[in-house]
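Undergrad: Going down the list, the protein sequences come from chains A and B.
If you count the first sequence from 1, position 10 lands on 10 in the numbering used here, and the numbers rise without skipping.
If you count the second sequence from 1, position 4 lands on 231 in the numbering used here, and the numbers rise without skipping.
None of these hints come from the bench; they were simulated from the model.
Positions of the beta carbon are idealized from the N, C-alpha and C atoms, including for glycine.
Take the hints with a grain of salt, since some may be wrong.
As the list claims (entries may be wrong) - Just so you have them, the derived chain B footprint on chain A, three or more residues with Cβ under 8 Å: (1) 60-72; (2) 97-105; (3) 112-119; (4) 140-151; (5) 158-170.
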Amino acid sequence: MVATQPAPIQDGSQPHNHEARERTSRPGYSSVEWGILVSQIKGGEEPGMEQLYKLFSRGIRYYLCRQLGPQELEDKVHDTFLIVVNAIRRGDLREPERLMGFVRTVVRRQVAAYIEQAVHNRREQADLETGVAVADRNQNPEQEAMIRQKAELMESALSALSERDREILVRFYLKEQPQEQICREMDLTETQFRLLKSRAKAKFGEIGKKKLAASGIFSVLVRAQAG
Amino acid sequence: MNEPYLEHPSEEAMERFLLNMSPEEELEALETHVLACSYCVDQLEYLETQIAATRLALQMFESERATKKSVEQVRKWKSWFTIPRLSLAGACAALTAGAIVFSIPRDVNLTAFRGTETAIVSEGRPLRLHLNAKGLAEGSVIVELANNRGSILWQGISVVRHDTIEVTLPRIYKSGPHFVRLYTTLPDASGGELLREFALSAKWIW
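Produce the complete structure using the sequences and hints provided.
TA: Have a look at this one:
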């Protein structure tokens with residue numbers, strides 16, 4: 001059975017079928033005829049433009065947000081699309097099958113250009129305000145609350161892990177040590193590292209689920225009694 | 228066409244991407260794929276939350292552990308300050324002090340009188356004697372400690388220098404008169420000459 005693609009997420013909540021994590025889900029571009037799509041874009045045809053937007057809007061938005069932050073995101077996504085479309089119409093894309101790589105190149109150049117512009121603006125323009133405005137790169141309050149709730153659940157699960165498993169997680173996620181360093185210092189092979197990390201995360205998830213289920217049952221009972 | 232970016236990246240590859248640990252080739256394939264795959268964008272967003280929560284949980288855990296450790300250390304340190312323990316520590320300290328005090332040799336200056344004048348020395352403590360050797364030739368001498376019955380308690384060698392002989396005697400454990408004698412050679416060999424005699428009286432002195 002091939003799982004269908006989940007609906008695009010706008011509010012940061014989990015996808016509905018995320019727990020299943022069907023790796024057999026086929027990408028949206030698997031059925032795309034690249035040659036037809038490119039020729040439709042070159043001809044300015046609406047279906048081609050629509051399909052291009054549908055295919056790449058989510059990914060480009062995610063990429064630009066990750067690299068540049070959320071401010072003026074829609075404008076940047078729109079500008080990037082225009083650049084892609086114009087480049088295709090100019091004939092810069094020689095092989096239609098390479099459209100995905102082509103889009104990546106355009107997006108990366110856009111990011112570089114935006115960063116360069118930002119650096120130039122900071123150097124050349126004097127701000128009338130006394131302080132410098134810095135975009136808040138944190139998650140929104142709802143996402144922050146969700147992360148904190150998850151973290152509290154995870155924290156109690158951490159004490160059930162072995163010292164070794166915990167050390168791997170601390171080194172990888174907290175200290176951001178590369179795999180090679182962790183393997184060298186803890187005397188592990190690459191395979192052992194991967195197995196131990198995934199086992200630690202699995203135990204983590206299992207214990208967390210049990211605790212969540214327990215708290216969920218409790219809250220259902222309370223509601224039943226009250227109601 | 229079998230391009231690497233056509234396949235969904237693994238969860239490990241996505242983690243590396245989110246932690247900025249991707250090698251160049253993997254980064255190229257993953258970025259190219261994700262730009263056109265909403266499913267993988269969902270996965271990345273979910274993983275981002277998971278990683279953020281994992282980091283926060285680990286931080287909280289490590290911080291709590293460090294706090295517990297320091298509280299435990301303070302508690303262990305404080306637990307020493309109970310009355311029985313303090314009393315025991317005090318007694319040990321007193322004994323140690325006493326042992327140290329009684330190990331320090333007492334300095335005694337002696338001149339040669341065998342009569343009514345007798346130097347009083349501490350019983351049970353080593354004695355550092357400064358003997359008056361005025362008139363004696365410089366060089367080695369035999370030093371002998373005897374009790375009032377004439378029994379030899381100790382013998383040693385010292386040197387006459389600048390009219391003085393410095394010698395450290397072992398502890399005298401019995402109270403009463405004792406004598407320190409100087410000889411040119413061992414007194415039981417023929418020709419041993421008694422050069423001088425000093426009288427002292429051992430007493431218990433704190």
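Undergrad: Hints first: check each against the structure and report whether it holds.
TA: Evaluation of the provided hints:
1. 60-72: holds (count 3)
2. 97-105: Held - the segment 97-105 of chain A has 5 residues with a Cβ nearer than 8 Å to chain B, which meets the minimum of three.
3. 112-119: Violated: only 0 residues of the segment 112-119 of chain A have a Cβ under 8 Å from chain B.
4. 140-151: holds (count 6)
5. 158-170: holds (count 5)
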